[in-house]
Structure formats: C-alpha cells, structure tokens
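Chemist: Sequence:
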Amino acid sequence: MIDTTAVIHPSSIVEEGAVIGAGVRISPFCVIGANVSIGAGTVLKSHVIVNGHTSIGKNNILWPFSSVGDVNQDRKYASEPTRVEIGDRNHIRESVTIHRGTIQAAGITRIGDDNLLMVNAHIAHDCVVGSHCVLSNNVTLAGHVCVDDFAIIGGMTAVHQFCIIGSYVMVGGCSGVTQDVPPYIIAQGNHAKPFGINLVGLQRHGFSKEALNAIRSSYKMLYRSGKTLDQIKPEIASIANDHPEVQPFYDFFARSTRGLIR
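Sequential numbering of the sequence shown, starting at 16, is according to the numbering used here.
Worth double-checking, as some hints may not be accurate.
The following label-pair restraints were derived from C-beta to C-beta distances [stated by the list, open to error]: (1) MET171 - SER253: 35 to 43 angstroms; (2) HIS106 - ARG239: 32 to 40 angstroms; (3) GLU31 - GLN218: 27 to 35 angstroms; (4) SER26 - HIS106: 17 to 25 angstroms; (5) GLY191 - GLY38: 38 to 46 angstroms; (6) THR19 - GLY191: 21 to 29 angstroms; (7) LYS224 - GLY274: 26 to 34 angstroms; (8) LYS91 - PRO259: 56 to 64 angstroms; (9) GLY191 - ALA37: 19 to 27 angstroms; (10) ASN256 - SER61: 53 to 61 angstroms.
Source of the hints: derived by calculation from the structure; they are not laboratory data. Just so it is clear, CB atoms sit at the ideal spot from N, CA and C, and this is done for glycine as well.
Using the sequences and the hints, build the whole thing.
Modeler: Right under this line is the structure:
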C-alpha cells in the first residue's frame, strides 16, 4: 500500500506489499522490499536498499548507499523472517548497514529514536541501539551488542559481540571494546579502559551538581577503592537510595555478562 502523497522516483523499485506512508520521498535508484513498512515523512536519498521484514518509523532520513534489513552475516542464519525495527527521526548516513536479527536471539535488530548513525557505521544482527545516540564514522557493532540511550561512540571503534555500552557513555575513537562499559563514564583504548565520568556530557544533559558528585563517588568505589564488586554493591545501592541517577549505574552490574572494563 502506497499513500497517495508519497513521492517515488520512477527509477526506484517498490515491491508489491510494501507499506509507504504519507509524505514519504523515495529518490532515484532505491529498492524497497515487499515486507517493508516506511512511516510518514521519511526520506530515502538515492541508492538506498531497504529489505526483509523491516519497519522504519516517521521522519527518518536515509542517505545514499545505506542498506537496512538485509541478510545478516551470521552463518547460522537460514532465511528465517527476522526483523529490523527503526524508530523516528533518525539520520542514517551514507553506506550505513543495519542487518536483520536471528532466531537465536529475539529475532530483531532494533534502533530507537533521534539517533545519528554516521558514514559507514555497521550495526550487526540482534543489536539494540537506544535513542539519542551517536555512532561516528566506521563504528562497528558486532552481533547482540546493546547501546543505551545518549551514548556516543567515536569513529573507527569496534565493539565485541554481546557487549553493553551504558547510557551517557563516551567511547573515544579507535577503541576496541571487549567488555561492558557502565553508564556515565568515558572509555578509550584497545582494549578500552575507563577514564573517569563523562562530566561534560552529563552537565550538558542537565545533571545536577549533587547527582554528579554521587555518580563520581560511585565511579571511585568501582574503580579506585580496591574492593571487589560484591563488596561495593551495598555501598553503591545506598548512594542510589538518595540519588536516583545512580540507580542505572547499580542496575548495570546485573545486566553485565562480559564483565566490566577495567
């Protein structure tokens, strides 16, 4: 079904069954698969491919040569009808690749809202990227990676399978992330190590002085006290009782499966 207000260049291919919303603009030489849904106001620049069981929300912009929803690179994949789901107002720049999920996981690769995915970024099968994130040029997420809201990942960074990047994290460019990165911190290097809290980023997002002090104290307990994780958990839980901003930091310990960067 194609809305009558959509504008589709005659050189583009939209397969029967695709759902194209109001005001969608599809530029020359795009290919849209039969099981694709594109929400109102979304713009596809030239040479964009959207394939598979893929849902794209409203007011996104997909730049030339981006590829969304195509077959993933997992050798176990056997053409199952897995999905890609993308929210609203994302900028997906040139040559970005976003691959469909696998049945070994939830079957979905999911992108939230208001993200900037820069040139040549790769989001592999079963990844979950939250909202308001920035993936800089040539960032590579391996399968099953989770990137929480407001995270920024610097260019040329590679993230190992199943890693979690916490909210408001800043990962410096050319890093290799092989373990989980707790919320609020700066990580850099290969392999990535912690370098304090993301103070400037947190200030820009309106965190109070009291919240910043509580987050800094939690960081110091984790990385500078010399205590084990089990020893510091009650102390950080106590801080979180008085400062809710610390709760995601504490909750992250239970989410981590690959261990925390050190």
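Chemist: Given a hinted range of 27 to 35 angstroms, is it respected by the beta-carbon distance of GLU31 and GLN218?
Modeler: violated, 52 angstroms
Chemist: Should the hint that HIS106 and ARG239 are 32 to 40 angstroms apart at their CB atoms be regarded as holding?
Modeler: holds, 38 angstroms
Chemist: Starting from the range 21 to 29 angstroms, see whether the pair THR19 and GLY191 falls in it by beta-carbon distance.
Modeler: 50 angstroms Cβ-Cβ, so the 21 to 29 angstroms window is violated.
Chemist: Is it true that LYS91 and PRO259 lie within 56 to 64 angstroms of each other by Cβ?
Modeler: The hint (56 to 64 angstroms, Cβ to Cβ) is violated, given that LYS91 and PRO259 are roughly 41 angstroms apart.
Chemist: Within 53 to 61 angstroms or not, the Cβ separation of ASN256 and SER61?
Modeler: Check passed, 54 angstroms falls within 53 to 61 angstroms.
Chemist: Look at the Cβ atoms of MET171 and SER253 and judge whether their distance stays inside 35 to 43 angstroms.
Modeler: holds, 40 angstroms
Chemist: Falls inside 19 to 27 angstroms, the C-beta gap from GLY191 to ALA37?
Modeler: At 44 angstroms between Cβs, range violated.
Chemist: Is 26 to 34 angstroms right for how far apart the beta carbons of LYS224 and GLY274 are?
Modeler: holds, 32 angstroms
Chemist: With 38 to 46 angstroms as the target window, see if GLY191 and GLY38 comply at their CB atoms.
Modeler: holds, 42 angstroms
Chemist: Given the hint of 17 to 25 angstroms, check if SER26 and HIS106 actually sit that far apart at their C-beta atoms.
Modeler: Since SER26 and HIS106 have Cβ atoms about 24 angstroms apart, the given range 17 to 25 angstroms holds.
Hint violations for this structure: numbers 3, 6, 8, 9, all remaining hints satisfied.
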